[in-house]
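K.L.:
If you want the building blocks of each chain, they are given just below.
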Amino acid sequence: MIDLVQVEKHFDGQIVVHPLSLNIEEGEFLTLLGPSGCGKTTILRMIAGFEQPTHGDVVLAGQNVTKLPPNQRDLNLVFQHYALFPHMTVEENIAFGLKMKKIPKDEQKKRIEEAVAMTQLTALTSRYPHQLSGGQQQRVAIARAIANKPKVLLLDEPLGALDLQLRKNLQSELKHLQRSLGITFVYVTHDQEEAMMLSDRIVIMNGGRVEQVGTPREIYATPKTLFAATFVGENNIFSSSEGLFAVRPEKLRPARETEGARVTGVIQDVLYLGNVHKLTVQLDQEPMSVTIALDFTDERPWQIGERIGVNWSPKDEVVIGA
Amino acid sequence: MNKSKFLMVPVLLWAALFLLVPMLIVVVVSFLSRDTLGNVVFPFSLTGYKTFFDSLYLGIYWDTLVLSVATTVICLLVSYPLAYYIANATPRIQTWGLILITIPFWINFLIRTYAWVLLLRTQGIVNSLLLHFGWIHEPMQMLYTKGAVLLGMVYNFIPFMVLPIYVALEQMDKRLLDAASDLGATRWKAFRHITLPQSKSGIMTGCVLVFVSTSGMFVVTDILGGAKSMMISNIIQSQYLGARNWPFGSALSIIFVITSLILILLFNRAMQSRADRAKEGTT
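So the sequences go chain by chain: A and B.
Numbering-wise (my numbering), the first sequence opens with residue 1 and increments by one.
Numbering-wise (my numbering), the second sequence opens with residue 323 and increments by one.
Excised from the complex, chain B in its bound form (with noise of 0.2 angstroms):
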C-alpha cells in the first residue's frame, strides 16, 4: 500500500466525526419528536416532514430557490468579464486584481454586510444623495426589501465566483487563441468556441460555491431583509434556537440538503460535455 495514503487519515477522521457524525443526529432528529419543553423525545414521528407542506414554509422553500439561484446568475454575469480581464492582464495587474477581491475578507462579515444598511436606510447616504440631487422626491424603501438581500448576497459572494474561473481562464493555454485565429476564427468565435469551453470547470465550481453558501446564509437575510424575508436557513435558524423544535428544523435541513444535491448534480450533469465523459473514462 502507498505510504502517502496515510496522510489521509486526519481528514478522514475529522470529516467522519464532525460531518458525517452530525449529518446522522440530524437525520435521526429529523424523525423524532418534541415534548412541551422542546427536548427532542421519542417516538419516531414524521411531523417534521408534514410540517414542511404548509404554504408557509413551502413558499419560503420556493423563495429561497429562486434567490440563490438569480444570486449565482448575477454572480456569474458581473464575475466572468472580471476574472477574464484579470486573468489576461499582466502579472502586475493580475497580482492587485486578486489582493482586491480578497481583501473585503479581511473584514468582519458582519461589518461589511451593517455597512449596507448603512447605505440602504431611508436616511442612508443613497437616499440623501438621491434627494439631494432632486432625482426622488422621497426616500426609497430599499433596506428590508428582497432586493437588499440579493444585492448583499451577490457581493459577498463574488470572490467565490471570480477565483475558480480566473484559475481556469489563466490556466488555459493562450495558444490554443493563436490556432483559433489562425484557422480564421474572431475573437468573439475563439471566445465562444475554445475560451468558455476551457473556462467551464471554472463556472462550475464556482457556481456551486455560490449556490450552495447563498441557500445557506441567514445572517445577510436577518442584517438585509428584515422579518419579510426569510429564507430556509432563517427557519432552521429559528426552529433550533427560538422555537426549540429541532425536529423540524431537522427535517428542513435535511429537505434542503436533498434539494441541493439534487440541482447540483442536474447542474454538472447538463455542463458536463462528452469530451469530460472520455476523459473520465480513460483515467
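Extracted from the complex, chain A is given alone in its bound form (with noise of 0.2 angstroms):
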C-alpha cells in the first residue's frame, strides 16, 4: 500500500532520516515507535506530504506521490493535538473534508452518520471543539479523518494527552476501528505498550535509523539491537565472551541455593504488582543489578538483602548486536 523508498531527510545539513525503505502492507496496522527525536513523526509527515524527503520516493498504492502535495494525496492524518476547527461543529467539522473533494450531499450525510456512529459522537454533532473533553475531540479528529475513506489513515501520537485510563480504552476502540474500517493504519508512538497492544508490525526507530521491523512477537522474543531489546519490555543484559545477550525477567529464575547457580547477587528490593512480583538483585559478578519477574504462583517469601542463586536456560538468551 505504501512503499517508502530509499527514504532520507535532511534539515538543515542535519540527518534526521537516515535512508529508509519500508514496505507497508494493505490492511497492516503498523507503528512506529521510538523515543522523541527518533524521526518518526517525520517519516509519517513525509508520507502524509508536509514534508518533501530530501532523496527516496513515496509510492502510494501503484503511484509515486513524492512530489504531490497533502491534499492531492488518498490518505488522512489524525493530528497530535487534533487540530480541529474551532468555528466549527462536529458535524461540520467532519464534513469538511467530504465538501472539499466535491462529494454529493446525500452521499456526506450518509459518511457523517457512519463516522459518527463508529466514533459514538452521534449525540454530540451539534457541539463545538472547546465543548468536548479531550477523549471526545480525539475521537472527532478519527471521524474527520475516517469519512473521507482514505486508503490509508496516519496517526500522529493521537493518544498522546489524554490520561491512562481514557488511552486505554481509546487503544482498544482503535484497534477495533481499524479491524472493522480494514484500511492500512501508520501509527506514531513513543509508548511501547501500546505499540505492542494495537500493531501488527512495529519499526523500532532510534536517532533517525530502524533499528529492528518486526512483529511484536518478534520484537519481544527476539530483539535485534541493544536498543530493541530495552526500549521495548524490561530486559536485563549480559555480556559473555562472545558479545552481549538478553534474558527477559520473567525466564530469569531466583534459588534460594547459591551453589552452582549461573550468578549470584543479593535482593534490593521486592516489588508486588498483584498478578506479578519483581525482585531487584545487585549481582556479585558483575556491577549491574537484574530485575526478576515472578507470576502468582510463586508463593515463597522473598527478604531484602538476602543472598540467592539466578539461573536461566540457555534457550532464553538472546544474542544481540551492538
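If you're looking for bench data, these hints aren't it; they were derived computationally from the structure.
The beta carbon of each residue, even a glycine, is placed where N, CA and C say it ideally should be.
Under the rule of at most 25 angstroms between Cα atoms (straight-line distance), these lysine-lysine pairs were calculated in the BS3-like manner:
hint, chain 1, residue 1, chain 2, residue 2
1, B, K511, A, K67
2, A, K99, B, K496
3, B, K496, A, K101
4, A, K101, B, K511
5, B, K511, A, K110
6, B, K522, A, K99
7, A, K67, A, K151
8, A, K151, B, K511
One side of the interface only, derived from the structure: several residues of chain B facing chain A at Cβ under 7 angstroms:
hint, residue
9, R497
10, S503
11, L505
12, A600
Beta-carbon label-pair distances, calculated as ranges:
hint, chain 1, residue 1, chain 2, residue 2, range
13, B, Q416, A, E25, 40 to 48 angstroms
14, B, F589, A, D74, 41 to 49 angstroms
15, B, L334, A, K101, 49 to 57 angstroms
16, B, F589, A, N169, 44 to 52 angstroms
17, B, P413, A, I304, 52 to 60 angstroms
18, B, L404, A, E234, 52 to 60 angstroms
19, A, E113, B, A592, 29 to 37 angstroms
20, B, Q493, A, D57, 33 to 41 angstroms
Combine the two chains into a complex, taking the hints into account.
P.N.:
So this is what it looks like as C-alpha cells:
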C-alpha cells in the first residue's frame, strides 16, 4: 500500500531520517515506535506530504506521490493535538473534507452518520470543539479523517494528550476500528506498550535509524539490537565472551541455593504488583542489577538483603548486536 | 471578594469622572437653549435637535457616514494582505514590519497630514511630476476634494486596521491549515474556510476602531478638505468654538454617538457566527 524507497530527510544539513526503505501492506496496522526526536513523526509527515524527502520516493498504492501536496494524497492524518476547526461544529468538522472533495450532499450525510456512529459521537454532532472533553475531541479527529474513506490513515501520537485510563479505552477502540474498516493504519507513538497492543508490525526507531522491524512477538522475543532489547519491555543484558545477550525478567529464576547457580546476588528490592512480583538483584559478578519477574504461583517469601542464586536456560538467551 | 478586583478602582473612577460625567453634561446641554451671548441657559428646548433636520446638516451627516464607511472598507482591503504577509513572515521580517507600521506614529499627526498638502496641492510634487512627464497638461485639483480627505483618513488609520488583524492571524493555530490541506483543501479554500473566520475578531476590532476614529476626525477634513468637504465633527467643533452654540453642538454629538453605537451593534450582529454565540453561552 505504501512503499518508502530509500527515503532520507535532512534539516539544515542534519540528517533526521537516514535512508529508509519500508513496505507497508494493505490493511496492516504498522507502528513507528521510538523516543522523541527519533524521526518517526518526520516519516509520517513525509508520507502525508507535509515534508518533502531530501532523497528517495514515497509510493502510495502504486503511484509515486513524492511531489504531490497533501491535499492530493488519498490518505488522512489524525493530528497529535487534533487540530479541530474551532469555529465549526463536530458535524461541520467532519463534513469539511467531504465538501472539499465535492462529494454529493446525500452521500456526505451518509458518510457523516457512519463516521459519528463508529466513533460514538452521534449525540454530540452540533457541539463545538471547546465544548468537548479531550477524549471526545480525539474521536472527532478520527471521525473527520475516516469519513473521507482514505486508503491509509496516519495517526501522530493520537492518544498522547489523554490520561491513562482514557488511553486504555481508546486503544482498544482504535484496534477495533481498524479491524472493522480494514484500512491501513500507520501509527506513531513513543509508548511501547501501546505499540505492542495495537500493531501488526512495529518499526523501532532511534536517532533517525531503523533498529528493527517485526511483529510484536518478534520484537519482544528476539530483539536484534541493544536499543530494541531495552526499549520494548524490561530486559536484562549480560555480556559473554561472544558479545551481549539479553534475558527477559520472567525467564530468570531465583534460587535459595547459591551453589551452582549461573550468577549470584543480593536482593535489593521486592515489588509486589498483584499478578506479578519483581525482585531487583544486585549481582556479585558484575556491577549491575537484574530484574526477575515472578508470577502469582510463586509464594516463596523473598526478603530484601537475602543472598540468592539466579538461573536461566540457555534457550532464553537472545544474542544481540551492538 | 477577589482582592484583585480593587485594581479596577482607579480605572473605574477615571472612566466615571472623565467619560461618564462629561457625557451626561453633553446630554443635558443638548436639551438646553443658548442666549444671544452664546451662554447655555434654561429653559429646556429641542431646538438643537430640530436644527439637525435641516437639509444642510442631514447632507453632512450622510457624507460623514459614507466617508467613514469608505475609509473603513479601503483600510480593510489594504490592511488585510499586509497583516497576512507580516503574520506569516519570518520573525525578523515581522519585527521590522511592525516597526515600519508604527513609525508614522512617532511623527506629529499634523505634520504628517500637512505633508499631504505639499504632495497634493496644485504646484505640489504629484502635479509637477505628472506635468513634467506630459501625462496631464494642466494641474489637477486634488487638494480640497473629498478624495483628498479619504486619502488622508485611510493613510492615518491603516495601522488601526493592520495591528488587530495581525494579532488575530499571528495567534491562529497554523496546524489548522495543515489539517485543512490534509482534508483536501486548496490554499485558497483553506484561507476562505479557516484563516478568514479565524481572523474575524481582528477584522471586527479594526473596523470599529477605524470607523469611530474617522467619523470623529475634523483635523484631516480641515487640512485636506478645505471649506467644501465638511464632516459632522467639523460642525460640532465650530458650534462649540466658533458659533458658540453649545446646545446644537451637543445635540449633534448625541445624534452621532447614537448612530455609531447602532451601526457598531448591527455590524457585530452581522459578523457574529453561531460559534461565537455558542462560546458566549458556555463561559
